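Protein chains: 2
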Amino acid sequence: MSLLTVGSVAFDAIETPFGKTDKIIGGAGTYIALSSSYFTKDQKIVSVVGEDFPNETLEDLQKRGIDIEGIQVKKGEKTFFWSGKYHNDMNTRDTLVTELNVLGEFDPVIPAAYQGVEYLMLGNLTPAVQKQVIERLDDRPKLIAMDTMNFWMDVAWDDLMETIKMVDVLIINDEEARQLSKEYSLKKAASVIMGMGPKYLIIKKGEHGALLFGENENVFFAPALPLEEVFDPTGAGDTFAGGFIGYLAKTDDISFENMKRAVITGSAMASFCVEKFGTERIENLSQDEIYNRIMEFVDLASFEIKKELV
Amino acid sequence: MSLLTVGSVAFDAIETPFGKTDKIIGGAGTYIALSSSYFTKDQKIVSVVGEDFPNETLEDLQKRGIDIEGIQVKKGEKTFFWSGKYHNDMNTRDTLVTELNVLGEFDPVIPAAYQGVEYLMLGNLTPAVQKQVIERLDDRPKLIAMDTMNFWMDVAWDDLMETIKMVDVLIINDEEARQLSKEYSLKKAASVIMGMGPKYLIIKKGEHGALLFGENENVFFAPALPLEEVFDPTGAGDTFAGGFIGYLAKTDDISFENMKRAVITGSAMASFCVEKFGTERIENLSQDEIYNRIMEFVDLASFEIKKELV
Numbered sequence: 000m001s002l003l004t005v006g007s008v009a010f011d012a013i014e015t016p017f018g019k020t021d022k023i024i025g026g027a028g029t030y031i032a033l034s035s036s037y038f039t040k041d042q043k044i045v046s047v048v049g050e051d052f053p054n055e056t057l058e059d060l061q062k063r064g065i066d067i068e069g070i071q072v073k074k075g076e077k078t079f080f081w082s083g084k085y086h087n088d089m090n091t092r093d094t095l096v097t098e099l100n101v102l103g104e105f106d107p108v109i110p111a112a113y114q115g116v117e118y119l120m121l122g123n124l125t126p127a128v129q130k131q132v133i134e135r136l137d138d139r140p141k142l143i144a145m146d147t148m149n150f151w152m153d154v155a156w157d158d159l160m161e162t163i164k165m166v167d168v169l170i171i172n173d174e175e176a177r178q179l180s181k182e183y184s185l186k187k188a189a190s191v192i193m194g195m196g197p198k199y200l201i202i203k204k205g206e207h208g209a210l211l212f213g214e215n216e217n218v219f220f221a222p223a224l225p226l227e228e229v230f231d232p233t234g235a236g237d238t239f240a241g242g243f244i245g246y247l248a249k250t251d252d253i254s255f256e257n258m259k260r261a262v263i264t265g266s267a268m269a270s271f272c273v274e275k276f277g278t279e280r281i282e283n284l285s286q287d288e289i290y291n292r293i294m295e296f297v298d299l300a301s302f303e304i305k306k307e308l309v
Numbered sequence: 000m001s002l003l004t005v006g007s008v009a010f011d012a013i014e015t016p017f018g019k020t021d022k023i024i025g026g027a028g029t030y031i032a033l034s035s036s037y038f039t040k041d042q043k044i045v046s047v048v049g050e051d052f053p054n055e056t057l058e059d060l061q062k063r064g065i066d067i068e069g070i071q072v073k074k075g076e077k078t079f080f081w082s083g084k085y086h087n088d089m090n091t092r093d094t095l096v097t098e099l100n101v102l103g104e105f106d107p108v109i110p111a112a113y114q115g116v117e118y119l120m121l122g123n124l125t126p127a128v129q130k131q132v133i134e135r136l137d138d139r140p141k142l143i144a145m146d147t148m149n150f151w152m153d154v155a156w157d158d159l160m161e162t163i164k165m166v167d168v169l170i171i172n173d174e175e176a177r178q179l180s181k182e183y184s185l186k187k188a189a190s191v192i193m194g195m196g197p198k199y200l201i202i203k204k205g206e207h208g209a210l211l212f213g214e215n216e217n218v219f220f221a222p223a224l225p226l227e228e229v230f231d232p233t234g235a236g237d238t239f240a241g242g243f244i245g246y247l248a249k250t251d252d253i254s255f256e257n258m259k260r261a262v263i264t265g266s267a268m269a270s271f272c273v274e275k276f277g278t279e280r281i282e283n284l285s286q287d288e289i290y291n292r293i294m295e296f297v298d299l300a301s302f303e304i305k306k307e308l309v
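Residue numbers (numbering that gives the first Met the number 0), protein chains in the order written: chain A, 0 to 309; chain B, 0 to 309.
Derived from the structure by calculation, the hints contain no laboratory data.
Incorrect hints may appear among the rest.
Claimed, not checked - Below, in silico cross-link-like pairs of lysine-lysine (DSS-like), each with a Cα-Cα straight-line distance of 27 Å or less: (1) LYS305(B) to LYS141(A); (2) LYS181(B) to LYS204(A); (3) LYS275(A) to LYS181(B).
Stated by the list, open to error - Far from chain A, some chain B residues (derived; all Cβ distances over 12 Å): (4) THR94; (5) VAL108; (6) ILE109; (7) ALA111; (8) THR125; (9) ARG135; (10) PRO140; (11) MET152; (12) ALA189; (13) GLU206; (14) ALA223; (15) GLU295; (16) PHE302; (17) LYS305.
To be verified - Covered stretches of chain B (chain A as the covering partner; in silico rule of three or more C-beta atoms under 8 Å from a C-beta of chain A): (18) 65 to 78; (19) 173 to 186; (20) 253 to 263.
This structure is a prediction, so every number in the text was calculated from the model and none was measured.
For glycine and all other residues, C-beta sits at the position ideal for the given N, C-alpha and C.
All chains should be built: construct the whole structure from the sequences, respecting the hints.
Spelled out as C-alpha cells, the structure:
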C-alpha cells in the first residue's frame, strides 16, 4: 500500500561519549523514510530543504523508491539544522543549536500524484503543519500515525489537541505521555490520551521497550534488545516509527495483532539505528539482517506457560 | 521439591502518597515465604525475631505449611524494624528508621530436619550470614538463588563477592546491577556479574519488567503489567523472588525455558503485592487469581511474526 511520510529532512551535528560528527544528514522525515523503505516500495515524502542541501542525498532517497516530488527546495535559504550532545547515560541530551531556517515557514505542498495515499506518517513537526497535511489530502488515509514531542505541549497545546484528535495512532515517549496526560501511571496516561482521539497509543520507553495500547483494554508490552552499546540514539524514535508504519503499509492489516508485529518491526529497526552515528546503519541493511533481528525479539520475549503447572 | 528460605521476619512502618501504616508485619523472609507458599507445600524458613513478635503471625506461617522450626525467638530482644517513606513517583524512598535489633547478631541455625533441602532462597541479608547458611547445609542444594542490595556493595564487598561466587541465581535491580558491575549497559553488566559466579542473573526493573540472563547468551525480557496504581511497593522484590523460587521448586526444572516461566510467575506475584499495603494482598490469593494474572502476562507479551511478512 502507499505511504506518505511528512517530516524534516535536515542537517544534524551530534556529540556522544563515543565521538562527534560534523554536519550529517538527519531529520525525522529522513529516518522514517529510510526505515520504511525496507517494507514498502510505494512511498512518498513531503518536506522542505534549503539550497544548501546535497542533491545526491535527494537522489539517494529516490533510488530507494521514495517519491521526492513533495520535497520543496527553497532557493537562497538554508536547511533546518540541529546540534546536540548526549550525556554519558545516553538517555538525556542537551540541544546546542536549533536553526529552524526553511522549517520556520514550512507550508507543506501535496503533489497531485500523492492524493489517495493509504497510510500517512506525520513525523514530529509543528502540530498546525501536521494538521494542514491531513486537511490537504482529498481523502482521509486508511491510517494516520503521528509523532510529537514535549516542546509542542509547552508552546502549541491547542493546535496539538486539534491534530491529535484527527489521528489514529499517536507515538510518543514515556516522559511525553506523562506530560500530555498529567498522569504518572502509564496505564492511566494511556486512558487519558486515548480520550483525546487516537484509537491506538504507542509509548516508547527506550531501553525498556514500548507499550502499545488499543481499543477494548488491549495492551502489548514490546521488549527492547539489551544492547552492549548505544552508539548514537539520534533518530531511533523516527526509525521506530518508520519500521512501524512501513510494516503496516506492507501488510495492510490494522488489527491489534498486526500492530504488535509492526511495533516489533519498529523496535528491530530502531535497534539498528543506535549502532552507528546518524543514518549510517539504516542505510544499507539486508532483508536477512532485518529478519534475523526480528527473530532476536521473538526469542527475547517468548515463553510458554501451561495451566497445570501454575 | 523442598524449599528453604532465609530472610528477615520483621516489622515495617510504611508511608506512601496513599496513606501510612503503624508497625505491620514485613521482612524479606516473610514476603518470600508467603509468595512461594502458593507453589510449594514443602517449605522451611530460617530467620530470627524478638520477644515482641506476635505468635499468631508465626502460627499463620505454619498453617500455610511453612516449617518455622528455623525461626529463632530471642527472649528479651526486639524484632528488626524498618520504616520508610515513598516519594510521589513510588520509585524512590527515604529510609526513616532502621533498627537492626535481633538481626544485628543473627547466627542462623539450620534444624536437622532442614538438611537435604533442594532449593535455597537467600533473601537480602548480610552476605556473611547468607554464606554461613550455605556452609551449614550438609549437601549443596540443587539450586541456590540470592537477593542482595547496594548497601552490601558499599560496606561488605569482599563478603559479597565470596557469597555471590557460591550461588546459581543472583536477583538484583537495575541500579544494583550497574553498581555491582560498574557498567551502565545492562548487557555488559550481566556479563561482568556472571563472571563473578552465578550462571543466571535476574535484573528487576520495576515497572519496566525484568531481564533474565543465562548461559550461552540466553536472554529473556519479562514484561511488567502496566498498573493504574502502585499502592505500596514494599516487598515487591521479595514477592517476585518467592514466586520465582516457588515455581522452580514446584516444577523441579531449572532449564532456561522453565526459568522464564518462573520469572513470569514472580512478576505476577509482585503485581499483586503492590496493590495493597504490606503483605495484605498476598496473604489470601486464590489459585484462580494467580492463574488469571499469569495469563494477563501471556496476553501482554505474546505476538507471532512470520518470515514471509518481514
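Using a Cβ cutoff of 8 Å, are there at least 3 residues of the stretch 253 to 263 of chain B near chain A, or does the coverage claim fail? holds (count 4)
Is it correct that the beta-carbon of THR125(B) has no partner in chain A closer than or equal to 12 Å? At roughly 31 Å from the nearest Cβ of chain A, THR125(B) sits farther out than 12 Å, so the non-interface label holds.
Report holds if the minimum CB distance from ILE109(B) to chain A is greater than 12 Å, and violated otherwise. holds, 30 Å
Are all beta-carbon distances from PHE302(B) to chain A longer than 12 Å? violated, 4 Å
A cut-off of 12 Å on Cβ-Cβ distance, and ALA189(B) was said to be off the interface with chain A. Does that hold? violated, 7 Å
Regarding the pair LYS181(B) and LYS204(A), is the alpha-carbon distance no greater than 27 Å? holds, 23 Å
Check on ALA111(B) being off the interface with chain A, judged by Cβ distance over 12 Å: holds, 32 Å
Given that the stretch 65 to 78 of chain B was listed as covered by chain A, double-check it with a C-beta distance under 8 Å for 3 or more residues. It is violated: at least three residues are needed, and the stretch 65 to 78 of chain B offers just 0 whose Cβ sits closer than 8 Å to chain A.
Minimum C-beta separation from GLU295(B) to chain A exceeding 12 Å: can you confirm that? violated, 9 Å
If we take the beta carbon of THR94(B), is the closest beta carbon in chain A still more than 12 Å away? holds, 22 Å
Does LYS305(B) pair with LYS141(A) here, judged by a C-alpha cut-off of 27 Å? OK: LYS305(B) and LYS141(A) at ~24 Å, within 27 Å.
Interface exclusion of LYS305(B) relative to chain A, criterion Cβ beyond 12 Å: About 9 Å separates LYS305(B) from the closest Cβ of chain A, which leaves it inside 12 Å; violated.
Taken one by one, the earlier hints fail for this structure at numbers 12, 13, 14, 15, 16, 17, 18, listed in ascending order.
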